[in-house]
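Please take these sequences and the hints and turn them into a complete structure.
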Amino acid sequence: MSSLPKLAVVSLAIIAIGALQFVMPAFSNNPNTALNASTKVLAPDSSLSNLPVKDFHSAQSGTLYFINEQVIQDETVQQHSLSPVLKTKVDIKVTGIVARTKLTQTFRNAGTEWVSALYVFPLPENAAVDHLLMTIGDRKIEGVITEKDEAKKRYLQAKAEGKKVSLIAQQRPNIFSNRIANIGPGETIEVSIEYQQRIPFEQQQYSLRFPLTITPRYQPKGTTEASQIQPNFSQNHSPETNNIELQVHLQAGFSVQNISSEFHPIKINPLPDGSQHIQLVKNSQANQDFVLNWQPELGAAPQSAHFTQLVNGDKYGLIMLLPPHKKQHSQLSQNREVIFVLDTSGSMEGDSIQQAKQALLLAIDELKPKDRFNIIEFNNYAQHIWKSPKPADLNNKQQAKHFVNSLSANGGTEMQSALQLAFAQPKGQLSTGLRQIIFITDGSVANEASLMTLINKKLGDSRLFTVGIGSAPNSYFMTEAAKMGRGTFTYIGSVEQVQQKMLGLLSKLQHPAVTDIELQLNDYPLQSDPQLEFYPNIISDLYKGEPLVLSYKISGSNLADNFSNVNIKAQFQQKPWGSPLVINGETRQSGLNVLWARQKIGQLTRDKRRAGHAVNSSDAEQQTYKHLITETALAHHMVSQYTSLVAVDVTPTRPLALPVKEQKLLNPMPKGALYRSASIQGQLPQTSTTAQLRITIGLILMGLALCMHLLTRKIILSQN
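Each residue of the sequence shown is one higher than the one before, counting from 1 in the numbering used here.
Everything labelled a hint here was simulated from the structure, so no lab data went into it. Among the hints, a few may not be true.
Straight-line Cα separation of at most 27 Å, BS3-like style, residue types lysine-lysine; simulated pairs [claimed, not checked]:
hint, residue 1, residue 2
1, K93, K140
2, K153, K569
3, K368, K427
4, K370, K397
5, K368, K401
6, K163, K152
7, K553, K569
8, K508, K553
9, K152, K608
10, K163, K148
11, K458, K575
12, K387, K368
13, K140, K153
14, K575, K553
15, K608, K575
16, K457, K397
17, K387, K282
18, K458, K387
19, K102, K387
20, K93, K153
21, K89, K267
22, K148, K608
23, K370, K387
24, K427, K457
25, K569, K508
26, K401, K387
27, K152, K457
28, K575, K368
29, K153, K89
30, K368, K508
31, K102, K152
32, K89, K397
Put into structure tokens, the structure is as follows:
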């Protein structure tokens, strides 16, 4: 063979080897590749492995992290790997307006060493976690509630003694973690969490939401209030199919219709007793919150509902009722000044920014000529289109639409500057009516507490309405912010929902609200009775079709007998307004004491936060609130910011001479989110495209073309 063909062959070989070296990391370094292989087929131990990952700061779906700590040159270095997720099972039982959920996830330690792990999972923001069961091998370990510091001491002691132990703690009201110690090689770990929540009822529809993922949280500079669990996404993570089973047993207590899942395919099986069995279709993607809706059949929509339970001599109850509205009230509209706040930070990139812009454009179209409005957009900083609100005439609407269409998502999520700018807007010509602030965001921030303190200080007589955008918005922050802002939270999970959800919100806001609500029993405020505790004790404004929901506890029998004679006193169109509230007969319901305790802890937390930023704040007052929260959680066996569930196996299983690896796990990105990281340089964009494969094929074809050129040239030269 002559030198030219040899050169061609060598060139082709070098290019092919280089191309393979270039493309192989895209396959071998993708955590989802190994994860999906393990979730689809329960392979033998030899094919399962604890896959190394770049980082552990991620908390999207229920996950198990493995961390191996080593001391190198007097510094502790952590090596991370993920445990193959074998199975996730969600069982939800809905009885009346209360849901009891059992979340079970099964993991396996596929390594050859003893490990300890951290299990992180999101839950609804109103979930009351009260049960933990750990099954490791043939051992079942029940969790008990105790103060957080004491629970941590028990965990560390049991871990050091080689015992299997589990510790479940609240990171945020909607993010929990579970630490598991001393998992043996090849052992299977099953974690079962149980919680209760109330099913919201709005616009004649019940809606149950189960979170399957979490949007990454942005940590503003200079803030220290974030929890230890902070999402930090790997460049290679994209939504993938998870091995998840989810089923709902719906026992509404009345005939239902229009059962639907907003984002996932389901199967519905009516049962002979009138209940419904709903099942998530297999191989569904777990990268977006599961939302199930149902409606009462025509004529069955409740004007009121009253559920009760007796626990240790006390009566717990839950009242849901629709305050009456006169027909002419629905024809009225109020003078409004609307401030739209739009999040254009990097976390909104992808589907979220498209949903948000479409929602805002629709809101602008719905403004009436007598309305006044302004728009604020924010990322690293906040800016408004005008210095003060302007009339909603055709020219100003067109200018606002052009401004919205020009926006794109990038930068940080500095919500504080945006809220400050919204609260500081001049009143303009607004003399009567309410100022309504509509905040459109995914809420992906870690400094929720300071933001809610700002809302409490600066809100004044404005009302704050939050609109959650994206596949997994921070519903805790947005629900809590809306409560403090005397408004409501609306969740929009896809572009297809923008028109329906926004029109519903905007229609509600255009009509008069019932404000300054007070409940009275025999002409005395309910708050004044020492035998009664109800939450929320400060009731938000009510709009047409919105239910008033109260969770209460009665310690005496006299009040319980007369509790149905309740009147509502309020303001409507700046005038006193009142009406009796007719409460139907009682229905027995379990778990109401836990729901009441969750409501009480939420209110105590708000009161503690408010008191902490008061001028005369004291450590003694803060300790009093902490004691009340702890006391309530312990009495009702609940996880809170000051209590934890701990489960300790009494028998040591790990030989103390063997070392233990501390391990953690990484999660996929939520649907529609685009990966963005300034720390990764010199690489191609890591998206769902086949860019690397196409470039590789291109390089190989270029090599083949070079060979053909050299060989053809050699043949031509030889013929001449």
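Status of the hints after comparison with the structure:
For the proposed pair K93 and K140, the alpha carbon gap of about 23 Å is at most 27 Å, so the pair holds. For the proposed pair K153 and K569, the alpha carbon gap of about 50 Å is over 27 Å, so the pair is violated. About 18 Å separates the Cα atoms of K368 and K427, which keeps this hinted pair within 27 Å; it holds. With a C-alpha separation of about 13 Å, the suggested pair K370 and K397 falls inside the 27 Å cut-off, and the hint holds.
The straight-line distance between the Cα atoms of K368 and K401 is roughly 15 Å, inside the 27 Å bound, and the hint therefore holds. Note on K163 and K152: the hinted pairing holds, with a Cα-Cα distance of about 14 Å set against a maximum of 27 Å. Taken as a hint, the K553 and K569 pair is honoured in the structure, with Cα atoms around 22 Å apart against an allowance of 27 Å. Between the alpha carbons of K508 and K553 the distance comes to roughly 32 Å, so the proposed pair goes past 27 Å and is violated.
Our distance criterion of 27 Å between C-alpha atoms is met by K152 and K608, whose separation comes to about 24 Å. Distance hint between K163 and K148 is fulfilled; the C-alpha atoms sit about 19 Å from each other, no more than 27 Å. Distance check on the hinted pair: K458 and K575 sit about 25 Å apart at the alpha-carbon level, within 27 Å; holds. With a CA separation close to 21 Å, the supplied pair K387 and K368 stays within the 27 Å bound.
Taking the CA atoms of K140 and K153, the gap is about 21 Å. The hint holds against a cut of 27 Å. Taken as a hint, the K575 and K553 pair is broken in the structure, with Cα atoms around 32 Å apart against an allowance of 27 Å. Our distance criterion of 27 Å between C-alpha atoms is broken by K608 and K575, whose separation comes to about 33 Å. At most 27 Å may separate the alpha-carbon atoms for a hinted pair to count; K457 and K397 exceed this at roughly 31 Å.
With a C-alpha separation of about 53 Å, the suggested pair K387 and K282 falls outside the 27 Å cut-off, and the hint is violated. Our distance criterion of 27 Å between C-alpha atoms is met by K458 and K387, whose separation comes to about 18 Å. The suggested pairing of K102 with K387 is violated, with an alpha-carbon distance near 51 Å, which exceeds 27 Å. Distance restraint check for K93 and K153: the Cα-Cα separation of roughly 35 Å exceeds the 27 Å cut-off, and the hinted pair is therefore not satisfied.
Only pairs whose Cα atoms come within 27 Å are accepted, and K89 paired with K267 is accepted, the gap being roughly 16 Å. For the hint linking K148 to K608, the alpha-carbon distance of about 18 Å falls within 27 Å, and the restraint holds. Between K370 and K387 the alpha-carbon distance is near 19 Å, which keeps this suggested pair within the 27 Å criterion. Annotation: proposed proximity of K427 to K457 holds, straight-line Cα distance about 18 Å (limit 27 Å).
Among the hinted pairs, K569 with K508 is consistent with the structure: their alpha-carbon atoms are about 21 Å apart, no more than 27 Å. At roughly 17 Å between alpha-carbon atoms, K401 and K387 fall within 27 Å of each other, so this suggested pair holds. Note on K152 and K457: the hinted pairing is violated, with a Cα-Cα distance of about 35 Å set against a maximum of 27 Å. Pair hint K575 plus K368 holds up; C-alpha atoms about 24 Å apart against a cutoff of 27 Å.
The straight-line distance between the Cα atoms of K153 and K89 is roughly 31 Å, outside the 27 Å bound, and the hint therefore fails. Straight-line distance between C-alpha atoms of K368 and K508 comes to about 14 Å, which keeps the hinted pair within the 27 Å bound. For the hint linking K102 to K152, the alpha-carbon distance of about 24 Å falls within 27 Å, and the restraint holds. Pair hint K89 plus K397 does not hold up; C-alpha atoms about 49 Å apart against a cutoff of 27 Å.
When held up to the earlier numbered hints, the structure conflicts with 2, 8, 14, 15, 16, 17, 19, 20, 27, 29, 32 and fits the remainder.
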